[in-house]
Amino acid sequence: MEFTPKSTLTQKLDAVDEFERTPIPANKLKGAGSFWGMYAGEHIAGTEFVIGPLFVAHGISAGDLVSGLLVGNLLAVLSWAFICAPIAIRRRLTLYYQLEKICGPRLTLIYNLVNALMFCFLAGAMIAVSATAVGIPFNMTMPALNDFYPNSIGWIIAVLIVGAATTVVAMFGYTQVARFANYAAPWMILMFIAAPVAVLPALGIHSFADFWPAAQQKIWTGIPLAGQSQFTFWHVMFFAWFCNLAMHIGMSDLSILRYARKWHYGFAPAAGMFFGHYLAWLASGILYALFLLESNQSMEFAPGPVAYRAAGLAGVVCVIVAGWTTANPTIYRAGLALQALMPRSKTWKVTMIIGLITTLAACFPALVMKLLDFVALYGLILMPMGAVIFADFWLLPKLGLKQDYAVWQQIVFSWPAALTWGVTLLICFLLPIELFFKALPGWFIAIGLYVSLSYVQQRVQVKELAGAKV
Amino acid sequence: MRTFLKLSSSIGLGLTVIPSFLIFAQTITWKTYLTLMTIGTLLWFLTAPFWMKEEN
Chain A
1 MEFTPKSTLT QKLDAVDEFE RTPIPANKLK GAGSFWGMYA GEHIAGTEFV
51 IGPLFVAHGI SAGDLVSGLL VGNLLAVLSW AFICAPIAIR RRLTLYYQLE
101 KICGPRLTLI YNLVNALMFC FLAGAMIAVS ATAVGIPFNM TMPALNDFYP
151 NSIGWIIAVL IVGAATTVVA MFGYTQVARF ANYAAPWMIL MFIAAPVAVL
201 PALGIHSFAD FWPAAQQKIW TGIPLAGQSQ FTFWHVMFFA WFCNLAMHIG
251 MSDLSILRYA RKWHYGFAPA AGMFFGHYLA WLASGILYAL FLLESNQSME
301 FAPGPVAYRA AGLAGVVCVI VAGWTTANPT IYRAGLALQA LMPRSKTWKV
351 TMIIGLITTL AACFPALVMK LLDFVALYGL ILMPMGAVIF ADFWLLPKLG
401 LKQDYAVWQQ IVFSWPAALT WGVTLLICFL LPIELFFKAL PGWFIAIGLY
451 VSLSYVQQRV QVKELAGAKV
Chain B
1001 MRTFLKLSSS IGLGLTVIPS FLIFAQTITW KTYLTLMTIG TLLWFLTAPF
1051 WMKEEN
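Here the protein sequences come in this chain order: A and B. Under our numbering, read the first sequence as residues 1 to 470, first letter to last. Under our numbering, read the second sequence as residues 1001 to 1056, first letter to last.
One thing to keep in mind: the hints can contain errors.
Stated by the list, open to error - Rough simulated footprint, nothing fancy, chain B against chain A, three-plus residues with beta-carbon under 8 Å: (1) 193 to 201; (2) 452 to 462.
What the hints assert, rightly or not - Just the calculated beta-carbon pair ranges, DEER-fashion: (3) Ala209/A x Lys1006/B: 51 to 59 Å; (4) Phe1004/B x Asn151/A: 47 to 55 Å; (5) Lys1031/B x Thr347/A: 42 to 50 Å.
The set of hints was computed from the structure by calculation and includes no laboratory data. None of the values given here were measured: they were computed from a predicted structure. Positions of the beta carbon are idealized from the N, C-alpha and C atoms, including for glycine.
Generate coordinates for the entire structure from the input sequences, incorporating the hints supplied.
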């Protein structure tokens, strides 16, 4: 069955395939509205049902959460606007083609594969989220916060069912799910408003004045659950900033913002950061806090029952839809990335392999319970290549070095870029600070490494060029 | 027909969110809240795809 994408999300993915190796022409540029709408919809997802509750589980205080989210989301928006967007509108190329021009096709292929692997695990977490909702009618034993391995046969069956359904749809009917995600987006935003409002009385909140004291005493208490580390303002701020690190500083959204008429459309992610992340993380945290209160601090961690308590069948549908509509395009993108390694294979076969890997990974509840760490790791791993693009675009010309070295010298593998990637990650892993904070110094390390290594690589050719001009 | 579908979808969204404020104000019962929210969800998903598809 052929893909006949017509939905907004699929059009965007197709846009990644359209003009893959040429700049976007002026007549294909888009107005601000499409970016604001897109970012608002894409940042209300299955992950929101996990992240908000995990903040509660890690004992964040109300004040630290509200202020940390405000600063962190603002920094994320500024990163999109000032780091990603200016390059996107100047070059108008996809991330992959931009990387290929700098690093060569072989290193870009490795980047694709790493990205695909990350997508698999993210999709796996979302399959697990949906499984917690599917298992409700069967009184399935839900996973607990400190679980690593599957805790019951019922859990494995639920995950396999959801994973198989998601994979089959990704293989044969991706277009329809992408369209369905667009239909669901406005409703999901309202669900994230409605569900927490409805349960506020159960938390002793009957008026606006009641909210803050209850928020401090019953919701975000500042006391972590057993076995969970203590979160502070800094954890929340850095997580909110870097949870989409791969997209802004990591430059993945070059592929999206290359369609922007003006650089300041880079502020459009604010819709996703504040309507999506900020609102949804507060909302899901409220729902989880009620669950903890009514279950006497149960260690069970399952978005499905939490949403069911707050909104009944509509809540269950919301969890299933949110998890599914996040998992599906993620599996699809992972399949596309993996197909670069197996170009002669049929797309459906590659997608099936991806779905299998993803579903097996989803059987391990740790994927959900450690989602914060995984998301932080995801961004950290891909960040150095975003730094390479940044340095190549802005810094190399100022230092008398050539941009797009791979194109200039017709190479397939850039050793400065590869070393930058590897050494930056090695240094980051050795840094004696928590995972959430490593990407910031890592970015500067990557910039410094790439500029220095590029100088070493290019000094001979640049001297020859300078000599020829004289 | 399109106007009817859009109106129905809007009602669906309204039934998704307004009952939560009514239950907060304790003017409806929990059962009524759940029922209205379920109806709102169904109304939205049964009507929105038809006019949103055309607009897309």
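Hint-by-hint comparison with the structure:
no.	hint	result
1	193 to 201	holds (count 7)
2	452 to 462	violated (count 0)
3	Ala209/A x Lys1006/B: 51 to 59 Å	38 Å, violated
4	Phe1004/B x Asn151/A: 47 to 55 Å	49 Å, holds
5	Lys1031/B x Thr347/A: 42 to 50 Å	48 Å, holds
Figure legend: structure checked against the earlier numbered hints; hints not met, in rising order: 2, 3.
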